[in-house]
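Go by the hints and put chains V and U onto chain P.
Protein chains in written order, with my numbering: chain P, 2 to 313; chain V, 2 to 313; chain U, 2 to 313.
Calculated directly from the structure, the hints in this document are not laboratory data.
Certain hints may be false.
Since copy identity is lost for identical chains, a pair holds within one copy or between any two.
With a Cα cut of at most 25 Å, we get these calculated BS3-like pairs of lysine-lysine [what the hints assert, rightly or not]:
1) K174 x K96
2) K61 x K232
3) K310 x K24
4) K310 x K34
5) K232 x K96
6) K96 x K279
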Amino acid sequence: MQITGTFLDEISHDIPHQNWGEKEWDLDFQHMKRMGIDTVILIRSGYRQWLAYPSAYLMKTEGAYKPPVDLVRLFLELSERHGMQFYFGLYDSGKYWWDQGDYAREVELNLHVIDEVWAAYGDAPAFGGWYLSQEVSRKTGGITGLYRKLGIHCKAVSGGLPTLISPYIDGKKAILAKDPSLSREDAVSLEDHQREWREIFAGIQGAVDIVAFQDGHVDYHELADYFAINKALADEFGMQCWTNAESFDRDMPIKFLPIKWEKLRLKLEAARAAGLDKAITFEFSHFMSPQSAYPQAGHLYNRYQEYRKMLA
Amino acid sequence: MQITGTFLDEISHDIPHQNWGEKEWDLDFQHMKRMGIDTVILIRSGYRQWLAYPSAYLMKTEGAYKPPVDLVRLFLELSERHGMQFYFGLYDSGKYWWDQGDYAREVELNLHVIDEVWAAYGDAPAFGGWYLSQEVSRKTGGITGLYRKLGIHCKAVSGGLPTLISPYIDGKKAILAKDPSLSREDAVSLEDHQREWREIFAGIQGAVDIVAFQDGHVDYHELADYFAINKALADEFGMQCWTNAESFDRDMPIKFLPIKWEKLRLKLEAARAAGLDKAITFEFSHFMSPQSAYPQAGHLYNRYQEYRKMLA
Amino acid sequence: MQITGTFLDEISHDIPHQNWGEKEWDLDFQHMKRMGIDTVILIRSGYRQWLAYPSAYLMKTEGAYKPPVDLVRLFLELSERHGMQFYFGLYDSGKYWWDQGDYAREVELNLHVIDEVWAAYGDAPAFGGWYLSQEVSRKTGGITGLYRKLGIHCKAVSGGLPTLISPYIDGKKAILAKDPSLSREDAVSLEDHQREWREIFAGIQGAVDIVAFQDGHVDYHELADYFAINKALADEFGMQCWTNAESFDRDMPIKFLPIKWEKLRLKLEAARAAGLDKAITFEFSHFMSPQSAYPQAGHLYNRYQEYRKMLA
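Same shape as in the complex, but just chain P (with noise of 0.2 Å):
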């Protein structure tokens, strides 16, 4: 099993940020292209005042700064000239469907950044697919809703390209960044998880393709049921069912360091035994980058490239 994907931490929601220019991050993209990555995927284009692209509409309606730099059309660009699929990631107010539960404010906001999107960046040969943002581990307010109705504007408007969910499992290391505990006694039950995804599955198909559970919330040895239930699931409503292999490590008390080599090595190859359709990581760049701010990603690199000479 393979990473052949990794998210884009722009606009970072808990990870300190590391103030690259446009030579770090074309030579970040030529580390992934080593690495085998196809595939990079926007984690948010913004995330409450901060914008990745310089959102005519949002500086506008959500009083959000103008950024200093266009990330989205730089990661197009890099995308094109490595040969890889960038997937745009929708904004996250961080308020509306958050605190205040206003999920219909969320979406309308969203319709609006798809189109001013596409119509800005839509020509791009590298725009490949979208990515609903709103990441959620159980059947939420309006989550359900928010998804099919975003998903199927994303569709219509980019000719059918492909939209990608990303939830976390509601286990026991399902613990805020900003909470120093590493674990909690309170996590769902497989029967709770199955019965809620179903749920909501049914009533995103044809509006998500694709579902790419978080990895990092379950204990180690809990992560071949929870594979295993995501990937029937799935299969039953016609999704593809990647694994979302988090590269750092939540079993730490510095929040958040890259995770060790045999811990993500154990991770992939459970997903490997379940049969899930495509490994992607969050997040190459501070985790598992030779450039990273965090040296142990350098070295998490070079295991994991070994791992793969071993397997080829």
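Just chains V and U now, with coordinates in the frame of chain P:
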């Protein structure tokens, strides 16, 4: 709005130490110089038992430890060599004015420190001012009297060298570093901030020459209002109004790593718009230096230098 | 007081992994050698499901994961190559003696581990001792019996190789890494520390040869008293008294980065003053190595080497 000053975070309160020797410090002053820095400010000369210079007085009265190197001497020499002004930061007991509310004791200690320091280092050509290191956000306890007495004594012994304070705003991000939270509900109002600081400024007029509010405790869109109030208050009482542009990121769970360049730029532009007199940063060596242990800092340096070139 | 030993933090409990391969480990042993290190101590051979060697026994009984590399073999070879003594750290279940208070089960597992390990690696020339990896600060549960039974068995199978424990002091900084606090009100008294450890030492005499208390859980000015008690107790029961000089900083909100050199020096000088027999550190590879992911560690190495030169 260019950054022309930086704190030197020795003795550090909550930022892990880089363990630099004289060679690294010399190189760092060269990096600072290339960024346009002309002023360095020792954040404090001692904190609890830790000292930046071998204070016979504090070793005797407070049981402080003899430091392995005289950093005040080193910084004065480096400041002279690289053409910078050095501000000496007073001693912070971390207890008398804090837990115990005994501002008189804090003042008494520092009156001795001022005499001791001026006798030892007063003839150094780079000795350019004083930093009153007790940082507050509100009219807390005896802070007005402390600033007044210490400021007057600093100026009296040194022939009127300028005195600086760097308060913070009691905003939604006013959280202790060891507290895992990133924001809080309870924050000062603009009106209370203005009223309390007018009272403080009235009490310290003539004793404190410069006020450099820290810019990291309020949200980015709130800065314009606070900067305007601070500038107007400083004008009213004949003080200079600098901005202390924090170069670390308060929005991330790791406390603290270098700030995202976009955020620093936004803060500097708000300071320029408000007509502030000078920008300093907390602080260069961890968060903006090309040789920082945090490689994100070197990238921030590069982004900032590109911005300077663009402005020129 | 020079540092002549270090722990090897595999399997790590709360320090993020560096993802080194054989090449990096070899280089690290060279760095250690240049610093005068003659003793390396594996902190534990397993923790919960994670293993440092492919223990057939623990994979079967505890469902432990097969590790990607046999670190015990690697460390024994590197120790031999670089002329060091290797201490093998026992398995820490992280549960039986911890949550469940089932010390008998922890002992039973480790009696098997000792046999398995001695059969597999006992003929390695560098195998020089045993580390009983269950770390306590008080006379907790069945800890005395655990140390006695495991120590006796280690010595019995190995022809009397020395056994080491490294307790901590239940001081004001005895805080779990995942707890954001830096200190607490409740701390052991000198008298209680002395009384409880005399009882423990009386119970483990003959089974444990060396005690190396961790030096990071009390304030710096408290070290002299604790060192004196520990040394006197060790003398009373015929044990060697080492110090485990922690090279990470417990006073900072990031848990953990390398310690400030001044603090480490202060602790080493207190250990020398107390006449302790040897200094080891937790641990070289993250916190003192020139190739550590934390560049502060390389600077700490340089400061320490200057200090060694000064002492010579």
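Hint by hint, which ones does this structure get wrong, listed from lowest number up? 2, 5 and 6
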